[in-house]
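Protein chains in written order, with this note's numbering: chain A, 1 to 412; chain B, 1 to 515.
Derived by calculation from the structure, the hints in this document are not laboratory data.
Ideal Cβ positions, reconstructed from N, Cα and C, are used throughout, including at glycine.
Partial list, computed: chain B residues near chain A (C-beta under 8 Å):
1) Ala77
2) Thr192
3) Ala206
4) Ala228
5) Lys232
6) Leu266
7) Arg298
8) Glu504
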Amino acid sequence: MRPWAFAAALLLAGTAAAVEVTPVLNGSLAGGQYFFKGQKGSFSGNAALTGASLLKFNERWSLLPMYSGSYQGSKGVEDGVGAGTLFQQQMDHRLSVTGIRRLAGTNWKLKPSASYKREFLKETRDETWGKGLFDYEKIAVGFEAENAYRDPFTYRFAFDAYRVRFPNYESLESKSGVDPLGNPLGRELASKRVLDTYHYQFSASGSRPLPYDDPRFVLQVAYSFLYQSFLDQRLVDQRGQFESAGRRDVLQSLSSSVGRPLKVRVFGEDARLDLSLGLNLAYNRSNQNTYDAVFSRYVPDAYSYVMVGAGPAANLAWGGAKQPSWLSGSFRWSRQNFIGRLAQDGSGAYGAAKQRQDRYILALGYGHPVAPSLTLTVRTNLLWADSNQKYEKTYSYTYRTINYLLGVSYEY
Amino acid sequence: MRAESLCAERRSPRHARPAFFGALLAGLLFPRFCDASAITHTEGKVLFLKFGSYTWGQVVRGQVVGPGDRIKTAASARATVTFDDDSRVELSPSTSFTMREASERATETRLDLGSLRAWIAKRRSRSFQVRTPTAVAAVRGTEFSVDVSAQGETRVQMFGGLLAVSDNRGNEVLIKDNQRVEVTAEGIGRVTEAPQGADQRGSRSARETARREVGLEMTKEEVQAAAALEQKNAVYQEGKALIDVNGKRVRVEEYIVRPAADQFKLVVLNERSDRFDYFFYHGTFNRALPDDMSTALRQVSGCIGAACDYFLLSYDTGRSNTIDKVVEAASGGHQVDVNHNGVAGDAVTAAFDPATDRWVSLTADQPFYQTLFNDYSIKFNDVTHQSWTASGLAPGGDIQNTTTHVTYTDVTTVQYEPSCAPPNCTYTEEGVLHQVVYAENAGGTIWEKYDNYIISDEGKIAKLSDFAGITSGAAYKTTLLNWNYQQIVTASEFGGRKIDLVVEPKIFIKSGLIP
Numbered sequence: 001m002r003p004w005a006f007a008a009a010l011l012l013a014g015t016a017a018a019v020e021v022t023p024v025l026n027g028s029l030a031g032g033q034y035f036f037k038g039q040k041g042s043f044s045g046n047a048a049l050t051g052a053s054l055l056k057f058n059e060r061w062s063l064l065p066m067y068s069g070s071y072q073g074s075k076g077v078e079d080g081v082g083a084g085t086l087f088q089q090q091m092d093h094r095l096s097v098t099g100i101r102r103l104a105g106t107n108w109k110l111k112p113s114a115s116y117k118r119e120f121l122k123e124t125r126d127e128t129w130g131k132g133l134f135d136y137e138k139i140a141v142g143f144e145a146e147n148a149y150r151d152p153f154t155y156r157f158a159f160d161a162y163r164v165r166f167p168n169y170e171s172l173e174s175k176s177g178v179d180p181l182g183n184p185l186g187r188e189l190a191s192k193r194v195l196d197t198y199h200y201q202f203s204a205s206g207s208r209p210l211p212y213d214d215p216r217f218v219l220q221v222a223y224s225f226l227y228q229s230f231l232d233q234r235l236v237d238q239r240g241q242f243e244s245a246g247r248r249d250v251l252q253s254l255s256s257s258v259g260r261p262l263k264v265r266v267f268g269e270d271a272r273l274d275l276s277l278g279l280n281l282a283y284n285r286s287n288q289n290t291y292d293a294v295f296s297r298y299v300p301d302a303y304s305y306v307m308v309g310a311g312p313a314a315n316l317a318w319g320g321a322k323q324p325s326w327l328s329g330s331f332r333w334s335r336q337n338f339i340g341r342l343a344q345d346g347s348g349a350y351g352a353a354k355q356r357q358d359r360y361i362l363a364l365g366y367g368h369p370v371a372p373s374l375t376l377t378v379r380t381n382l383l384w385a386d387s388n389q390k391y392e393k394t395y396s397y398t399y400r401t402i403n404y405l406l407g408v409s410y411e412y
Numbered sequence: 001m002r003a004e005s006l007c008a009e010r011r012s013p014r015h016a017r018p019a020f021f022g023a024l025l026a027g028l029l030f031p032r033f034c035d036a037s038a039i040t041h042t043e044g045k046v047l048f049l050k051f052g053s054y055t056w057g058q059v060v061r062g063q064v065v066g067p068g069d070r071i072k073t074a075a076s077a078r079a080t081v082t083f084d085d086d087s088r089v090e091l092s093p094s095t096s097f098t099m100r101e102a103s104e105r106a107t108e109t110r111l112d113l114g115s116l117r118a119w120i121a122k123r124r125s126r127s128f129q130v131r132t133p134t135a136v137a138a139v140r141g142t143e144f145s146v147d148v149s150a151q152g153e154t155r156v157q158m159f160g161g162l163l164a165v166s167d168n169r170g171n172e173v174l175i176k177d178n179q180r181v182e183v184t185a186e187g188i189g190r191v192t193e194a195p196q197g198a199d200q201r202g203s204r205s206a207r208e209t210a211r212r213e214v215g216l217e218m219t220k221e222e223v224q225a226a227a228a229l230e231q232k233n234a235v236y237q238e239g240k241a242l243i244d245v246n247g248k249r250v251r252v253e254e255y256i257v258r259p260a261a262d263q264f265k266l267v268v269l270n271e272r273s274d275r276f277d278y279f280f281y282h283g284t285f286n287r288a289l290p291d292d293m294s295t296a297l298r299q300v301s302g303c304i305g306a307a308c309d310y311f312l313l314s315y316d317t318g319r320s321n322t323i324d325k326v327v328e329a330a331s332g333g334h335q336v337d338v339n340h341n342g343v344a345g346d347a348v349t350a351a352f353d354p355a356t357d358r359w360v361s362l363t364a365d366q367p368f369y370q371t372l373f374n375d376y377s378i379k380f381n382d383v384t385h386q387s388w389t390a391s392g393l394a395p396g397g398d399i400q401n402t403t404t405h406v407t408y409t410d411v412t413t414v415q416y417e418p419s420c421a422p423p424n425c426t427y428t429e430e431g432v433l434h435q436v437v438y439a440e441n442a443g444g445t446i447w448e449k450y451d452n453y454i455i456s457d458e459g460k461i462a463k464l465s466d467f468a469g470i471t472s473g474a475a476y477k478t479t480l481l482n483w484n485y486q487q488i489v490t491a492s493e494f495g496g497r498k499i500d501l502v503v504e505p506k507i508f509i510k511s512g513l514i515p
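Bound conformation, chain B alone:
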């Protein structure tokens, strides 16, 4: 509210809330020297005692405050007294305030209890004083607060400008920006720096309020953002986001589908920004699978000591980039102790032990039962590269131990040096775990190539030193589990395209793709 209207209210009390034109006219007729002060804002229960009266009444906004008039605010109530030069005093809850003098030369107020905060205009030509039971604060052009406790102790705090504070004994100190002083019946205390917001009883400045609200908003945002971060971390923890050997993001999802009671299908999906690849391993067991498939799946790679309870009758695996495909299919699965079948080449020296959930080394005479399949084929875009078929083999017969009952069709054969040279050759890159396997037919018109990398989550190729000289056996497979396996497949049928898969090594170990 402007000062002009305050003056108008004083001259024309019956028009306490003049309309705009009234205020304008009053402003023109009655200039600033009218020395008016009035209550311009109230909240809650604010009582007013007119000088000479004995009855407290509820204050009305616009109430002119003259010498000797008193104001009381109840708990949770507030009031603002505004002067004709825009200076104002805000009274806090539970405050008792008296206007002692309001003249052209001086404004003198008294604060018996509670607190006030004052904004005194710098152009003010008269002095402004706040008296308390123990102190006097005198000022020109400043912002400060005064608190008075029930015992009369006074605390004065400056927010801007210069303020003289004196006690009842005539001692006086000057306090400046952000300083404060306490005055008691014993006298004036030491001037100290005001703590930031820890014990101000006055109302906040607009900037403090703004900063505080901004701080609260930012704190709330931190809490809400934490929820998003937790989602992201969960994805990483589940191994669903990796980086491949080319520095590209690979998303990975691995899960098991159960198409029938005796079947499972392990699926690995890979997505990069520009491609989608997948691998699946679909198996049919000799019996219905339990709810907890780990019992059965742990036996897929073989069993130590005795034949497996669960073994595969058939399986098919597929690798695809959604255009090209590599499909393996095997059937006629049955159990054979490969360490006692008279064939040295298929003996197993390291195996996964379901009892301990670990890779263990096997002794030469330790029985190890694996599933052998009578029929097998691998096709690239429906073109067979290798296959075998057993015919006339006795039930449970061992195809490893016969040459008369099995027909092999090897369209492509693996190429080793010196008959070939990289890149179309089988070799291991020096110092790192990057292996190339290349196979082709006699004329080189049908070929397949596998680039196998052992990589970290950040896409770095493992060094041989990371495996500390371990290149085979249980220790190798155990160490391998801590890395990712990337396999890039190209073939004569793919038209220059590739199938690029990043998978958990254990999946390939289980499915026999890593021997």
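If we strip away everything but chain A, and leave its shape as in the complex, we get:
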């Protein structure tokens, strides 16, 4: 659906007498700074807006059109920090519509959905909005079946298909032409849109109270199977040349968490403390290899990896139930072990060990209501990474980075 048609649908839906309209609006505005390896980015702002309307036509049918957009002038600690580009501005816009069909006599809801997203990225001084090398667009359709067997506890099955396209990224090799002697510069079978991908994802997830009749804990489990087809990226063989077959990845991930809501007393008043412990596993199997032309090294199975992560989180909320003050903290460790990618020493020499990276992320936040629906927020994130990959000429693997953001959030 085109944006104008989407907006018109939103407006018209709001005026239809038979439709019960429930708008939801979330917004945030914050300013902050980013530090990486002792350098600091300039102070800049972040903003985010999410607007949606739940259009309830009758007891069975509802529709959720939604817009979400964000501007990020200060890098997050996980935004490609290894590349070390301190100058980064990011903007994205996303439109989606989700149909919600309740099946009479059951706890099932069926939810077909479609979305379109465009993300813009400026990483260097000569990039302008819309001309960023890593700008991308994503078109997605999906279908979800959800069973609220004991609201809010549910189990869900979903299938999503989406295409990610980088409109400004084409391989240089595909447009390299011939050298001054008239010989081709590119390899045979060199392809063009090497980053574009089709994704097909099946996922299943659920939550359950423990014990079932007297909930003290909340258990959540999710599994996803993602098949990624690189439309135009051919496999690299041991001679550094292309094969006719294309790259395919299968990413499976399993995540779980146990939550424990507690009532505590804070500053002489009742408060709610939510504790949780999460664990996640991921396994990516790729058929792609790499050939390092500089070191004349063929690295088979370079993109397959196993990742494990775990960590606790806590959120303390006190004051009014609708708009409480809150204090949050979380710590997360993750390790990524590549199956075929070899670690290099400081000068680039390949060793026998496979590449691995450990990441530790500490996130702290505080929110305090300052007006109806308006909360003052303070957030800081610290990430430190460690790896046996010591060759860091093009990408950092061992570093510390921190950012902070001060701002307000609005929720209607």
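Once you've looked at the hints, dock chain B against the given chain A.
Here is chain B on its own, set in the frame of chain A:
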């Protein structure tokens, strides 16, 4: 469904689903004081027992509910009872509900098992009560839910308004927004704040539903966006996106083409928003290359101790901005121990050791075999600036060690101070690794200039302190590998244009462009 139609249904049971005009007429004839309630929505198996009857029957929508009538919902079934003032009660699955009284003054209901959620209109002039085996919830104008377990324990939760809850012993408490209380056979419990969504058995409010759906959508988006981020990071990890000394994005691709069994061609492509530059290094070896070319390519810069198994017979390199070009060509390649050829000037003191994949220092008497070429030329847009040609040299002869068999043509010569001054001179910028090499002919009509920078991925020029005083030898070359090399070439033939290349230093070291 509007209240008017409820009244019409009660007065005219044979027309349970009146048409629009019927509903309008009924609304005009029978105002709100008709005290009607009816089942306006059902899902799944919902049973109805009329007061005085002994037989449960499947309910039909529009069924009027009067005093003493009972409703049961099966597992996964739901029902909504709507009153004439738009108040409504939603019954959850596995619920047993009784309408005890429905008069002008009061509505009294009973919940024996299961849960309900009630929205009571504020204009309601009569009281509304929900009785359970252990509690009574009495209210005017509010939204609340009531759960009753199999043991009769009751949990009442408020969503908006004020609600009086009493137990069977006559104790009573008032609960307000987002509070809840539990009542058991032992009496009424303490009023507490209701957890956000953790244990509500009633149906959600529309706003909660909307927020939840928005949250689910945003979570899905995060997962999908991660795929795009991973693509981008892979490009960075492979060194394909850098920033040059002028703060501009440089895309870099480096790969090897294999034009023939004994040939390779290393290609480096650079693209910026407004230009495309490339470098290539095409070599022909003394024998066919193995699939794993690293064995051969590691020997290109020379071999320690013995002659190389693989060496170049000829090569050509090119640098171009797609308009201008610098082409070097060499042929007649053969192996010479340059540390024992009687020429001190070509001795090698630091070399790449293929055995350890590292740069090592050589002692003065350690043999080092390099490929020397009998013929060489470098041309800028087809104009020769330097060349040499060997003639009459014995097979395997050393051009370094003869003056009679080699003809040198040096159109341009490197300019050093004091005969020249920057910028048209050869010099190193103070404190940073920026070197200028300038060469020209006698009249200055033919010239070439190389601006060489050692830069980081972020385009910052390396300081001398980054190399900690190391300016040559194995340590220098090892450290150099951690930086990028940017070379800007200008020449008298380029018409003011330039060739601007960012490459891995190792590529230039291998090809002999960095000695």
